[in-house]
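Chain by chain, the residues run as shown.
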Amino acid sequence: MKRIIAQTRKELTQFSRDRLTVVLALVLPLILMWLIGSSVSLTVSDLPVVIQDFDQTPTSRRYVETIRASLTFRIVSLPITAAPESALDKAQARAAIIIPAKFEADLERGRTAEVQWLIDGTDANTANIMRNDAAMIAQAFNRQNGPSGAPAIDAQMRFWFNPGHDSDQYIGPAVFGLVLALFPPLLAALAMSREGEQKTILQVYVASIHAHEYLLGKILAYMIVAVAEWVLTLALAIPMFGIWFHGDPTPFLVSSFLYLFCNVCFGAMAGASIPNQAAAIQAVQNVCFLLSFLLAGFVFPISNIPPWLRWISGLVPARYFIEVSRDVFVRGGGWSATWHVPVLLAVLSLVFLFKGWMSLRKMQIEA
Amino acid sequence: MLDKILNWRFWPLFFKELNELRRNRRLVAMMLVPPTVNLVLLGFAMNPEVTDLRLGIVDESRTAESREVISAFTESKSFVAAGHYSSIAELSRALSAGELEAGIVVPSDFATKRTRGEVAEVQFLVDSVNSNTGGISGGYAARIIGALNEKIALNKSSVRPARAVSRVSLFYNAGLQNSWFIVTGMIGMLLVMLGSLVSSASMVKEKEVGTVEQLLMTPAGSAEIILAKMAPIFLLLSLDIGVSSAVGSFVFGVPIRGSFALLYCSGMLCVLSGIGIGTIVATFTRSQQQAELLSFFVNPPLSMLSGATTPIEAMPHWMQPLTNLNPVKHFAVLARGVMLKGVGLEVLYPNFLALLAFTVILVGVSAWRFRKQLN
Chain A
1 MKRIIAQTRK
11 ELTQFSRDRL
21 TVVLALVLPL
31 ILMWLIGSSV
41 SLTVSDLPVV
51 IQDFDQTPTS
61 RRYVETIRAS
71 LTFRIVSLPI
81 TAAPESALDK
91 AQARAAIIIP
101 AKFEADLERG
111 RTAEVQWLID
121 GTDANTANIM
131 RNDAAMIAQA
141 FNRQNGPSGA
151 PAIDAQMRFW
161 FNPGHDSDQY
171 IGPAVFGLVL
181 ALFPPLLAAL
191 AMSREGEQKT
201 ILQVYVASIH
211 AHEYLLGKIL
221 AYMIVAVAEW
231 VLTLALAIPM
241 FGIWFHGDPT
251 PFLVSSFLYL
261 FCNVCFGAMA
271 GASIPNQAAA
281 IQAVQNVCFL
291 LSFLLAGFVF
301 PISNIPPWLR
311 WISGLVPARY
321 FIEVSRDVFV
331 RGGGWSATWH
341 VPVLLAVLSL
351 VFLFKGWMSL
361 RKMQIEA
Chain B
1001 MLDKILNWRF
1011 WPLFFKELNE
1021 LRRNRRLVAM
1031 MLVPPTVNLV
1041 LLGFAMNPEV
1051 TDLRLGIVDE
1061 SRTAESREVI
1071 SAFTESKSFV
1081 AAGHYSSIAE
1091 LSRALSAGEL
1101 EAGIVVPSDF
1111 ATKRTRGEVA
1121 EVQFLVDSVN
1131 SNTGGISGGY
1141 AARIIGALNE
1151 KIALNKSSVR
1161 PARAVSRVSL
1171 FYNAGLQNSW
1181 FIVTGMIGML
1191 LVMLGSLVSS
1201 ASMVKEKEVG
1211 TVEQLLMTPA
1221 GSAEIILAKM
1231 APIFLLLSLD
1241 IGVSSAVGSF
1251 VFGVPIRGSF
1261 ALLYCSGMLC
1271 VLSGIGIGTI
1281 VATFTRSQQQ
1291 AELLSFFVNP
1301 PLSMLSGATT
1311 PIEAMPHWMQ
1321 PLTNLNPVKH
1331 FAVLARGVML
1341 KGVGLEVLYP
1351 NFLALLAFTV
1361 ILVGVSAWRF
1371 RKQLN
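So the sequence lines, in the order shown, correspond to chains A and B. Position 47 of the first sequence, counted from 1, bears residue number 47 in my numbering, the numbering being contiguous throughout. Offset between the second sequence (1-based) and my numbering: plus 1000.
I should point out that these hints are in silico values taken from the structure, not numbers from a laboratory. Positions of the beta carbon are idealized from the N, C-alpha and C atoms, including for glycine. Just so you know, not all the hints are guaranteed correct.
Stated by the list, open to error - To spell it out: a stretch of chain B is covered by chain A in this simulated footprint if at least three of its residues, at any positions, have a beta carbon under 8 Å from a beta carbon of chain A; those stretches are:
1) 1015-1028
2) 1311-1319
3) 1341-1353
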């Protein structure tokens, strides 16, 4: 135990002397969280649209007003001679809306008047949102315009947990987990592989410290750094995304601790098996960040991933942590909804720890 | 003239660099794996599609009228019936546990209100933790109810009511394949990042091993040294443009409707600006490990502020103009223009010129920094 603590102190001293690493550990997570948190979202607003009104009557202008009232669209002007398709080609507009001549006359005669919506489909999700809105604008217009009065069925929409469809409530808790998936393992991997690369590991072998003590000392040191990162990022995330605990925070606290431990163990394992710092950085970056970004349900739902790829997400710790984080900050389901997460994180940590210990032993035998 | 070109001392240096690059297996793997594996992974995993939402049903009315509403939902492609619940409390529990994405409650007085001609209410509950899915499924529900109302109004009076309808035509991507958006955005990102990664690795290696001095002792000028270093990386990475567009078209069926030459040229500019970024990073660092850590400050803004994977219109308003400073963004516009829209330079020239300008600036600055260091 004494030897573990000595190793931890040595490690922390070494860490605090390297200025690039300290900045990387304590400042970069905040910058990265701020950057990702403010730029990644699928909730579009103010999409530019062009309208060609061939009717120019009070009724057609009322239709245009309905579009103007929607938050999704922003009307940009189009020269009357230009073809509306060209506005899509030039990416000046995401949709072109063409109101036909005799729009008003058709409606007055009780006919169906067709308004054409040309939608830019390059961004499929945004196109889908626009298609929904096109239908809803027509309904809203008919309600105002038609003499039919109240509709037969009225659907009362209740948006649970996140009534304002606020993207921050969705992204915020997850980006917090994403940043913690990258930096703690990165630092741990660097520290482990540095010893392999600079052959200082040989000094460790001749010392009286055991492989497991050495490994635990390193992990403990980087756990302390990771907890500091956790406090800092959480302190930024709460005001930045406007999130706060819903219900019991203990599942979050327990899972946070295990999640950090799991990530540090992964970093130590990667560092022990790759005795080259540059390669270790690459490995951690690709495995931790890319997989956590893609397969942990950060923005894109896991259920949309094809099954042959989806199973990998079961091995990504961030996937479980994001679940808990969303639960405690948005949903508020408590222990009954999240008890499996700490268990799985503990299992993953032990696997990584064991693998790290094995590769350290192997290195020792080879050395 | 030809003699002069052939005897130029640039060539031996060029072949030396090319050989070195070819022997470094890790670098070659770095060049080939990302455009294939990453592109496939990203194209499949980044999919915000909203279909087959699990719908929980509470039918307190149990009448023909209520079943009409429910079947309107379950018959659409957007929702699948995931279970019937006896009370709202049970439905809420399932919704909280994440077993459902949405729930519909038809109250017991639904049928009586319908026959009396009053407004009959249904409740539609949406789990909107995922704000995108929540918003879209709310939209689906509103459309379904709206269509049902129109059908009912039509049945009531034999006269067709006057109404406006939206006839939607989807341009460029009629099947709304989200992978087309991701692939066209990611190609530029991969090219810039690979360019910067490979060039910084190869430049820093020379410093680490201390062979820069040997290079300086050759009769070649510093401009020739830089050129010879950049040219092989540029040539090899240019092949990646072809590899990644092939992956896009074979795996995801992304079309190339416009000029492939324009796409290739823009891709080469992307590679060059990546090489410029990598060289600049390399001049600030002493080891490969430092260069990679430094790239953590460069790559996230490049990828996040590009609109390559998420729409720029979803960013905060003050942030949107910043994307114009990013070569990846301009390539994404070019790639989408050429591949999906089939337009050419007559439309895309602002983005092409911007990309060209960034490339010239980045390569210029990197050459200047590198020369300063050599001297």
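Outcome, coverage hint (the segment 1311-1319 of chain B, chain A; C-beta under 8 Å; three residues): holds (count 7)
For the segment 1015-1028 of chain B, do three or more residues have a beta carbon lying closer than 8 Å to a beta carbon of chain A? violated (count 1)
Check whether three or more residues of the segment 1341-1353 of chain B sit with their beta carbon closer than 8 Å to a beta carbon of chain A. holds (count 3)
Checked against the numbered hints given earlier, this structure breaks only hint 1.
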